[in-house]
Amino acid sequence: MYRMNRMKAVYFAWVRERIGKSDEEIDPPEYVTTVGELIGWLAARGEEYAYAFEKPSVIRTAIDRKHVRHDAKFAGAREVAFFPPMTGG
Amino acid sequence: MATVRIQSEDFDAAAEAAALTADRKDVGAVVTFTGLCRDEAGRLATLELEHYPGMAEEEIERVAAEAEKRWPLMGVTAIHRYGKIEPGGNIVLVVTASAHRQAAFEAAEFLMDFLKTRAPFWKKEHNRDGTSGEWVSAKDADDAAADRWLQGNK
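Residue numbers (our numbering), protein chains in the order written: chain A, 1 to 89; chain B, 1 to 154.
Any given hint could be a false lead.
Calculated pairs, DSS-like style, for lysine-lysine (alpha carbon to alpha carbon, straight line, at most 25 Å) [unchecked claim]:
(1) A:K66 - A:K8
(2) B:K25 - B:K69
(3) A:K66 - B:K25
(4) B:K84 - B:K124
(5) A:K66 - B:K69
(6) B:K84 - B:K69
(7) A:K55 - B:K84
(8) A:K73 - A:K8
(9) B:K124 - A:K21
(10) A:K21 - B:K84
(11) B:K69 - A:K55
(12) B:K124 - A:K66
(13) B:K25 - B:K84
Since the hints were derived computationally from the structure, they do not count as laboratory data.
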């Protein structure tokens, strides 16, 4: 079956710990088009997701390994990443 | 073209600096910055660094390419470690080479400022008392340090 929105979601640091997995295949419905909307859709999937995404504004996002803002559209993306603000260096 | 490496192994700052100037006589300034793991007044046993494989390297390459556009650099090396690092151990290395010191100093600072806020790495603390510690929080001061390069102050 052809699914336009099928993609890999990847999670890091405490987002990964709260959800309990590092990555998964997701298939959001057609009305979900931006990364911010994707956060809202994921948050409704269960308690662990609601906990990970309880403060959507702190979540950083990347599409195909490039930083994007929450208003970015993910159509055509292979991989969407969700993670806390970075603390490297 | 910058050299960027993401690795769990340690690095040798002196060897990396020497590699940038080997066989050339036009380099007048090399700046080497090493970021190390603090023991946080004896509390910390190890620091665990998680990263986003692939994106970590690509993001640092993007920052290095921007530095090479802004300053006349003759060489850039950036190395970031991941995995468990003990207090006193190396975390990150930035080496910049240029004809004059100002470009080398400024580019090294620019690289570190953006590496801290844009490279996908996260630190988790493990304490000596056995408690699994907290994920380190991002600092507003780090965002401010990166932002000042965008405001035309430099």
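Structure-based check of each hint:
Restraint check: the Cα-Cα separation between A:K66 and A:K8 comes to about 15 Å, which is no more than 25 Å; the hinted pair holds. Restraint check for B:K25 and B:K69: the C-alpha separation of about 22 Å stays at or below 25 Å, so the hint holds. Among the hinted pairs, A:K66 with B:K25 is inconsistent with the structure: their alpha-carbon atoms are about 37 Å apart, more than 25 Å. A hinted pair counts as satisfied when its Cα atoms are at most 25 Å apart, and B:K84 with B:K124 qualifies at roughly 9 Å.
The straight-line distance between the Cα atoms of A:K66 and B:K69 is roughly 20 Å, inside the 25 Å bound, and the hint therefore holds. Using a Cα cut-off of 25 Å, the hinted pair B:K84 and B:K69 is violated, with the two alpha carbons roughly 34 Å apart. With a CA separation close to 28 Å, the supplied pair A:K55 and B:K84 exceeds the 25 Å bound. At most 25 Å may separate the alpha-carbon atoms for a hinted pair to count; A:K73 and A:K8 meet this at roughly 15 Å.
Restraint check for B:K124 and A:K21: satisfied, since their Cα atoms lie roughly 17 Å apart, inside the 25 Å limit. For a cut-off of 25 Å, the pair hint linking A:K21 to B:K84 stands: about 20 Å separates their Cα positions. Using a Cα cut-off of 25 Å, the hinted pair B:K69 and A:K55 is violated, with the two alpha carbons roughly 37 Å apart. For the hint linking B:K124 to A:K66, the alpha-carbon distance of about 23 Å falls within 25 Å, and the restraint holds.
Distance check on the hinted pair: B:K25 and B:K84 sit about 39 Å apart at the alpha-carbon level, beyond 25 Å; violated.
Figure legend: structure checked against the earlier numbered hints; hints not met, in rising order: 3, 6, 7, 11 and 13.
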